[in-house]
Amino acid sequence: GAVVSQHPSRVICKSGTSVKIECRSLDFQATTMFWYRQFPKQSLMLMATSNEGSKATYEQGVEKDKFLINHASLTLSTLTVTSAHPEDSSFYICSALTSGEQFFGPGTRLTVL
Amino acid sequence: GENVEQHPSTLSVQEGDSAVIKCTYSDSASNYFPWYKQELGKRPQLIIDIRSNVGEKKDQRIAVTLNKTAKHFSLHITETQPEDSAVYFCAASPGNQFYFGTGTSLTVIP
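Order-wise, the sequence lines are chains B and A. Numbered continuously in the working numbering, the first sequence closes out at residue 113. Numbered continuously in the working numbering, the second sequence closes out at residue 110.
None of these hints come from the bench; they were simulated from the model. Using N, Cα and C, we set each Cβ at its ideal position, and we do this for glycine too. It cannot be assumed that every hint is accurate.
[To be verified] Below are the EDC-like pairs computed for lysine to aspartate or glutamate, each with C-alpha atoms no more than 16 Å apart in a straight line: (1) A:LYS37 to A:GLU2; (2) B:LYS66 to B:GLU52; (3) A:LYS22 to A:GLU39; (4) A:LYS37 to B:GLU101; (5) B:LYS41 to A:ASP59; (6) A:LYS71 to A:ASP17.
[Said to hold, decoys possible] Listed next, the stretches of chain A that the computed footprint assigns to chain B, with coverage defined by at least 3 CB atoms under 8 Å from CB atoms of chain B: (7) 63-77; (8) 100-106.
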């Protein structure tokens, strides 16, 4: 199946700093990628849809100025958590869409101190 | 947006028994319903999916049924094995977005 990578796998940062997470489709091109947030023992919450060459579409309640998404190429989408706070600590997971099916990255564990 | 509910949240079955997980959705525009298995610390993996023009689909021990009128769909796992233990998520897709259910933690007792 299609392979999606995500980097970094874990990141710890201080409150107020920004963190960038990369999502790459390794063996296919993806015009659409998704960013999810997953709390412990909970479901995946769709944050935004990342579209190559255009602005991301954010779900209701997700601050677009806080969670900056850039999808500059057909194989790379980035999520930047700006001015991170402890409540932003979570597991962030991306997926890439191909032929109607989404393939997930391994996720990034963000801890904000 | 789409609202997907999933039940039960936890399920324990004896090895060899069947397990059934049920989901409902709210958006009649949803036309694609995948099911994912997520093992602890790993990424979700697609195990089976169904589209709105089909009422049932089976793949070995796994089957999914869809009732469009009632807006609900179910996952059936037969002859469960310990390696089936994981968290299972249903999802509904009204277009390009995917909205997930709350998950079911399945434990298969040897």
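Results of checking the hints against the structure:
{"no.": "1", "hint": "A:LYS37 to A:GLU2", "verdict": "21 Å, violated"}
{"no.": "2", "hint": "B:LYS66 to B:GLU52", "verdict": "20 Å, violated"}
{"no.": "3", "hint": "A:LYS22 to A:GLU39", "verdict": "19 Å, violated"}
{"no.": "4", "hint": "A:LYS37 to B:GLU101", "verdict": "15 Å, holds"}
{"no.": "5", "hint": "B:LYS41 to A:ASP59", "verdict": "27 Å, violated"}
{"no.": "6", "hint": "A:LYS71 to A:ASP17", "verdict": "27 Å, violated"}
{"no.": "7", "hint": "63-77", "verdict": "violated (count 0)"}
{"no.": "8", "hint": "100-106", "verdict": "holds (count 5)"}
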